[in-house]
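K.L.:
Chains as they are written, first to last, in this note's numbering: chain A, -6 to 673; chain B, 5 to 596.
These aren't lab readings, by the way, just hints derived from the structure by calculation.
It is possible that some hints are incorrect.
[To be verified] Straight-line C-alpha distance at most 25 Å; calculated SDA-like pairs for lysine to any residue:
{"id": "1", "chain 1": "B", "residue 1": "LYS445", "chain 2": "A", "residue 2": "ARG284"}
{"id": "2", "chain 1": "A", "residue 1": "LYS394", "chain 2": "A", "residue 2": "LYS348"}
{"id": "3", "chain 1": "B", "residue 1": "LYS593", "chain 2": "A", "residue 2": "ARG284"}
{"id": "4", "chain 1": "A", "residue 1": "LYS502", "chain 2": "B", "residue 2": "THR554"}
{"id": "5", "chain 1": "A", "residue 1": "LYS502", "chain 2": "B", "residue 2": "ILE453"}
{"id": "6", "chain 1": "A", "residue 1": "LYS457", "chain 2": "B", "residue 2": "ILE453"}
{"id": "7", "chain 1": "A", "residue 1": "LYS177", "chain 2": "A", "residue 2": "VAL124"}
{"id": "8", "chain 1": "B", "residue 1": "LYS207", "chain 2": "B", "residue 2": "GLY300"}
{"id": "9", "chain 1": "B", "residue 1": "LYS593", "chain 2": "A", "residue 2": "LYS119"}
{"id": "10", "chain 1": "A", "residue 1": "LYS27", "chain 2": "B", "residue 2": "LYS445"}
{"id": "11", "chain 1": "A", "residue 1": "LYS27", "chain 2": "B", "residue 2": "LYS25"}
{"id": "12", "chain 1": "A", "residue 1": "LYS457", "chain 2": "B", "residue 2": "ARG542"}
{"id": "13", "chain 1": "A", "residue 1": "LYS205", "chain 2": "B", "residue 2": "TYR442"}
{"id": "14", "chain 1": "A", "residue 1": "LYS119", "chain 2": "A", "residue 2": "ILE157"}
{"id": "15", "chain 1": "B", "residue 1": "LYS445", "chain 2": "A", "residue 2": "VAL228"}
{"id": "16", "chain 1": "A", "residue 1": "LYS661", "chain 2": "B", "residue 2": "LEU452"}
{"id": "17", "chain 1": "A", "residue 1": "LYS441", "chain 2": "A", "residue 2": "SER417"}
{"id": "18", "chain 1": "A", "residue 1": "LYS661", "chain 2": "A", "residue 2": "VAL598"}
{"id": "19", "chain 1": "A", "residue 1": "LYS495", "chain 2": "B", "residue 2": "LYS445"}
{"id": "20", "chain 1": "A", "residue 1": "LYS495", "chain 2": "B", "residue 2": "LYS593"}
{"id": "21", "chain 1": "A", "residue 1": "LYS661", "chain 2": "B", "residue 2": "LEU42"}
{"id": "22", "chain 1": "A", "residue 1": "LYS495", "chain 2": "B", "residue 2": "GLY436"}
{"id": "23", "chain 1": "A", "residue 1": "LYS502", "chain 2": "B", "residue 2": "SER234"}
{"id": "24", "chain 1": "A", "residue 1": "LYS502", "chain 2": "B", "residue 2": "LEU452"}
{"id": "25", "chain 1": "A", "residue 1": "LYS27", "chain 2": "B", "residue 2": "PRO546"}
{"id": "26", "chain 1": "B", "residue 1": "LYS593", "chain 2": "A", "residue 2": "LYS177"}
{"id": "27", "chain 1": "B", "residue 1": "LYS445", "chain 2": "A", "residue 2": "MET26"}
{"id": "28", "chain 1": "A", "residue 1": "LYS27", "chain 2": "B", "residue 2": "ALA106"}
None of the values given here were measured: they were computed from a predicted structure.
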Amino acid sequence: MSETSKKKAVWDAGIVKLALLHALVKLNPRTMMKNPVMFVVEVGSVMTTLFLIRDIATGASGTGFSIQITLWLWFTALFANFAEAMAEGRGKAQADALRKAKTETTANRLLRDGQMEIVSALELRKADIVVVSAGEFIPGDGEIIEGVASVDESAITGESAPVIREAGGDRSAVTGGTRVLSDKIKVRITSNPGETFIDRMIALVEGAERQKTPNEIALNILLAGLTIIFLLAVVTLQPFAIYSNAGQSIFVLVALLVCLIPTTIGGLLSAIGIAGMDRLIQHNVLAMSGRAVEAAGDINTLLLDKTGTITLGNRRASEFIPLQGVSETELSDAAQLSSLADETPEGRSIVVLAKELCSLRGRELALPAATFIPFTAQTRMSGVDMDGREIRKGAADAIEKYVGSNGAQATNELREIVERIARSGGTPLVVADNRRPLGVIHLKDIVKGGMRERFDQLRAMGIKTVMMTGDNPLTAASIADEAGVDDFLAEATPEDKMALIKREQAGGKLVAMTGDGTNDAPALAQADVGVAMNTGTQAAKEAGNMVDLDSNPTKLIEVVEIGKQLLMTRGALTTFSIANDVAKYFAIIPAMFTVAFPVLRALNVMGLATPQSAVLSAVIFNALIIIALIPLALRGVEYRAMSAAALLRRNLLIYGLGGLVVPFIGIKLIDMLITAIGLA
Amino acid sequence: MTLDGWLQILFFLALIFAVTKPLGLYMAHVFNRERTFLDPILRPLERLIYRLTGVAETREMRWTEYAVAMLLFSLVSMLALYLLQRFQNFLPFNPQKLAGVAPDLAFNTAASFTTNTDWQSYVPEVTMSYLTQMAGLAYHNFVSAAAGIALAIAFIRGIARREIDAIGNFWVDMVRGVLWVLLPFCLVISLLLVSQGVVQNLKAADTARLVEPQKIEHVAEDGSRSLTISTEQTIAQGPVASQEAIKMWGTNGGGFFNANSAHPFENPTPLANLIQMFAIFAIPAGLTYTLGRITGAQRHGWAVWAAMAALFLFGATAAYRAESRGNPLLAGTDQRASAAQPGGNMEGKEARFGIAGSALFATVTTDASCGAVNSMHDSFTPLGGLVPLANIMLGEVVFGGVGSGLYGILIFVILSVFIAGLMVGRTPEYLGKKIEAYDVKMAMLSVLIFPLVILIFTALSSVSPRFGTSSIANPGPHGLSEMLYAFTSGAGNNGSAFAGISANTNWYNTTIGFSMLIGRFFVIIPVLAIAGNLGRKRSVPPSLGTFPVTTPLFSMLLVSVIVIVGALTFFPVLSLAPVVEHLLMVAGKSFS
């Protein structure tokens, strides 16, 4: 799945060709029946065709008009099918790319006795254990139980940079069809053939598993109801016409019916839904159901992890603050020494800062007689022992305990600095040399650029953002303030997150969150939209209803936007479709009755040439508008972050008022054209 | 059109605006079972009723139980009225010695008064005894109105409640509706009307000697002419004022006399006319405030009120304009308003009400599902007559019938929210309640029933010379209007007659009877289903992302949806009836 395939042009020649074929296949009444509006169009087309055959057989006059009406009625049904086929076609192209990743592979299955056997990947079952070495494809979805490896996951993510997968922790899940680039891992298979992630993904993008979403069902009911009303209006019109001595032909009646029933939205509805899923996939997010995409539009509260979403993910050393009587160089030197073996981003940033501030060059790790003391959960310190010095850095309370009485005189000053840093949102790390506190390293969270603007936009749309962090409340408050989130949850445990979600939901709100760890799984399952990171554990992926292949927590915001866009597109086209009917009445009703009542010409406000041209123009417009709106249905209406009131005003103006006006112009133009070329 | 006429219309709307809040607040108290100033008198009476009937006043009902109670109550009441009419000749209070009512007419009338329609296929003063009028018809005027209000309140509760599977107690809502909302106000209105000259007695008709004997020429079917000279006039009377009050206050509309509110004993003065129109709109307008009050969205209540007011002004203006212009076929006659004459099309109108008073009354009575008339809608110009017809076709949601107007417009609110709500990028929600498939299904059902009944029965009548077209007085488009109006009025539970159609036939009595029953109960059941379903739902707290239902834009949207749904459904038939008739009239053609 390359970049280019993700952003396909709407009218891709290959897709169009296939869609044309599928449009014909979909005329099968059993398929059409699922869409009541278009089914009525098909029944109407069959009726006019039968009457046309009778007319031709009996040599009736005026069949030219009847032929054209019948043709355009069929086109209406075909165009709707074409729209759906186009949307599906785009998914199919993606599925084909995925299938390539599903090449036949063999697996080294580990037997109970420690022996290995080579089997086909298709024979693997849950709980089998396989060994995958560098250069081999991982034969199925699973969890690494031993080893660490760099894996090329470009087949599913499109991202060419390899990712690290290792046993234990939150990065243990591997996906079948991806390739191990280095090292060797033992993998416990977690899915049977045909149920793997790639299988599911193919089914999703192909729309094979597509079920109508709740809102789609409701909208379909509305459209079916409107169709029945119009059916009534048209069927009863014939008796009224007969009473008025102006009985109508079946062609005109069916034409009126097809023009009135909401074919525009009826024809595009499923395409809009498929395209919505497709847009998510283009953002490398897989939604497990369309329901989740709809829910995304409704989200009231976004739970965002601080790290990686709001901040750059890693704190950086920004300042060394020495205690009185200690020089900055002395502190910098000790800080750098203590961090030489510290491979965490924080540790590295300390080394870099010391280099910048005091031109202390990075020293060789292999200093003689240096023993590096790694960070442990018990001591909560790390550092180095060398040349008889014991250099340590760590959390303030840990160091305080460590220095014991030695630091007594410095306690007050130290506490003051530590508190000041914490209050400003930073993380203080105290450095001590031979149990003597030297000073404090100020680690700072860096808020990502542009986050404040995005949160402002979300707020304008009525969405509350809550930052979740393991930091203490003071730190959390400061970052929350800097980033502009509405609320924060400090020292958050998975239970806290769960409680927060339940509390919001009890108030009737819909909550979205991202997560990757196994301990996030319950919260992901509880949330209305739970986006699991692809790098996360299998449990997290199973619990969420979306998976982000890029494992980018900021994506949650885009997911919400895509959900909203999907719903907006549906609403806009429904409004447009209904508003269109006004013009169609003004075209067809005078055309039907000017023969009996010439005064009804007054209603022919468009000045259409003849009754035949008027009916024909309305039918042609009705069919062509479906084609004209396919790009809008597939791309979605333009999304803007603004309040609901402003959005409504804007969209009502464009699609409501536009829907009233556009067909008057369109029908008039078509009428002029077909009159000019002598079709009517 | 005159300044005086415009002032009448605007003053009337100002009065309705003024009554909305106090009456709405009062009704909110009544149905929340909170204290009101009438409690000292009415509470003991209410308790007595519950003790006698065994109603547990604090027990609430699910929507299904509420619906069954309402249906059973209506069925029993309807049967009672049917029997009362059939056997009125054996019963007291029948000084005119009127015979029992024929079965088809008795069915039609029973259906009519049970459904708050008050369609009258008969001439009341020569058909119904005083007992039938007071114990049968007036009783129904009260209970059918109370049932309407109860349903609206149940609907409001459904919107306001959260995760509660009950929408109130039908019996309690009925009793409180009658005792607190209907009776006391009717008492006051009756007295006001009596002060204007409306009669109230139980005497048989008087006869008066004519000052100038009238010659009446009859033309028999064979063409022979005969002449009768009339020297006496029968002056019908009876307990009119009490009937009149509930006829208006409960948007019933069934007149004591055939001429309805055009009759000087029913509606003697312009002030009486104003009181009557005010009485029609007061409760429906007040209920919009009750809606806002109980749901805690007061501005939404006003937004609904504003949509109604806009539609009202539009209709009143159109009718007033059309009637003031007069009839172009009478060119050469002076039809201008002057000090000496009201001008315009005065055919079928009372001189004491003039053009504005008649056009306004016609608009008000059809905006609401009242159906009382103070002028003959059949005699309106085609466009003037289109206004009452269109008002009913829109579903009588412009203030509307007592209760039915509110739940009617709330169905349109739900549809508006559903259609346009998606455009704000959320699944549709109304005052915190998600509008889902079930709600849409029920809303569509109740919207569908109405055109179904009207269009099918009118279509059948229009192509059936034996049953349908034989009853119409005028051929051509106007005849179609007459049939269309009859079924529209029936299905819409309006009850006003376009007249010009002999509706007292087996066919019309039966079909209009069914139209009324279907138009009422098949709409109510989905309405209650929605109420029950909404009450069970969680509520989403409002935010900036919530679809706004309190803004002028929303009111405009609501008006557009009501007009577009109505227009799309009825435009074809209307274009063959009043529209073409108007165009023909302008072109100088008439039918006879």
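K.L.:
Does each hint fit the structure? Answer for all of them.
P.N.:
Do the hints match the structure? See the list:
Annotation: proposed proximity of LYS445 (chain B) to ARG284 (chain A) holds, straight-line Cα distance about 19 Å (limit 25 Å). In summary, the hint linking LYS394 (chain A) to LYS348 (chain A) is not supported, as the alpha carbons are separated by about 29 Å, beyond the 25 Å threshold. Restraint check for LYS593 (chain B) and ARG284 (chain A): not satisfied, since their Cα atoms lie roughly 60 Å apart, outside the 25 Å limit. Restraint check for LYS502 (chain A) and THR554 (chain B): the C-alpha separation of about 21 Å stays at or below 25 Å, so the hint holds.
In summary, the hint linking LYS502 (chain A) to ILE453 (chain B) is not supported, as the alpha carbons are separated by about 35 Å, beyond the 25 Å threshold. With a CA separation close to 42 Å, the supplied pair LYS457 (chain A) and ILE453 (chain B) exceeds the 25 Å bound. Taken as a hint, the LYS177 (chain A) and VAL124 (chain A) pair is honoured in the structure, with Cα atoms around 7 Å apart against an allowance of 25 Å. Simply put, LYS207 (chain B) and GLY300 (chain B) have alpha-carbon atoms about 51 Å apart, too far for the 25 Å limit, and the pair is violated.
For the suggested pair LYS593 (chain B) and LYS119 (chain A), the alpha carbons sit about 86 Å apart, so the restraint of at most 25 Å is broken. Between LYS27 (chain A) and LYS445 (chain B) the alpha-carbon distance is near 17 Å, which keeps this suggested pair within the 25 Å criterion. Between LYS27 (chain A) and LYS25 (chain B) the alpha-carbon distance is near 49 Å, which puts this suggested pair outside the 25 Å criterion. Distance restraint check for LYS457 (chain A) and ARG542 (chain B): the Cα-Cα separation of roughly 19 Å lies within the 25 Å cut-off, and the hinted pair is therefore satisfied.
For the proposed pair LYS205 (chain A) and TYR442 (chain B), the alpha carbon gap of about 15 Å is at most 25 Å, so the pair holds. With a CA separation close to 23 Å, the supplied pair LYS119 (chain A) and ILE157 (chain A) stays within the 25 Å bound. For a cut-off of 25 Å, the pair hint linking LYS445 (chain B) to VAL228 (chain A) stands: about 22 Å separates their Cα positions. Simply put, LYS661 (chain A) and LEU452 (chain B) have alpha-carbon atoms about 32 Å apart, too far for the 25 Å limit, and the pair is violated.
Between LYS441 (chain A) and SER417 (chain A), the direct Cα distance comes to roughly 17 Å. Compliance with the 25 Å bound is thereby established for this hinted pair. At most 25 Å may separate the alpha-carbon atoms for a hinted pair to count; LYS661 (chain A) and VAL598 (chain A) meet this at roughly 10 Å. Between LYS495 (chain A) and LYS445 (chain B), the direct Cα distance comes to roughly 31 Å. Violation of the 25 Å bound is thereby established for this hinted pair. Straight-line distance between C-alpha atoms of LYS495 (chain A) and LYS593 (chain B) comes to about 72 Å, which puts the hinted pair past the 25 Å bound.
For the given pair, LYS661 (chain A) sits about 65 Å from LEU42 (chain B) by alpha-carbon distance, which is inconsistent with the 25 Å threshold. Annotation: proposed proximity of LYS495 (chain A) to GLY436 (chain B) holds, straight-line Cα distance about 18 Å (limit 25 Å). With a CA separation close to 78 Å, the supplied pair LYS502 (chain A) and SER234 (chain B) exceeds the 25 Å bound. For the hint linking LYS502 (chain A) to LEU452 (chain B), the alpha-carbon distance of about 33 Å lies beyond 25 Å, and the restraint is violated.
Between LYS27 (chain A) and PRO546 (chain B), the direct Cα distance comes to roughly 35 Å. Violation of the 25 Å bound is thereby established for this hinted pair. At roughly 97 Å between alpha-carbon atoms, LYS593 (chain B) and LYS177 (chain A) are farther apart than 25 Å, so this suggested pair is violated. A distance of roughly 18 Å separates the Cα atoms of LYS445 (chain B) and MET26 (chain A); the hinted pair therefore holds under the 25 Å criterion. With a CA separation close to 50 Å, the supplied pair LYS27 (chain A) and ALA106 (chain B) exceeds the 25 Å bound.
Of the numbered hints listed earlier, those contradicted by the structure are 2, 3, 5, 6, 8, 9, 11, 16, 19, 20, 21, 23, 24, 25, 26, 28.
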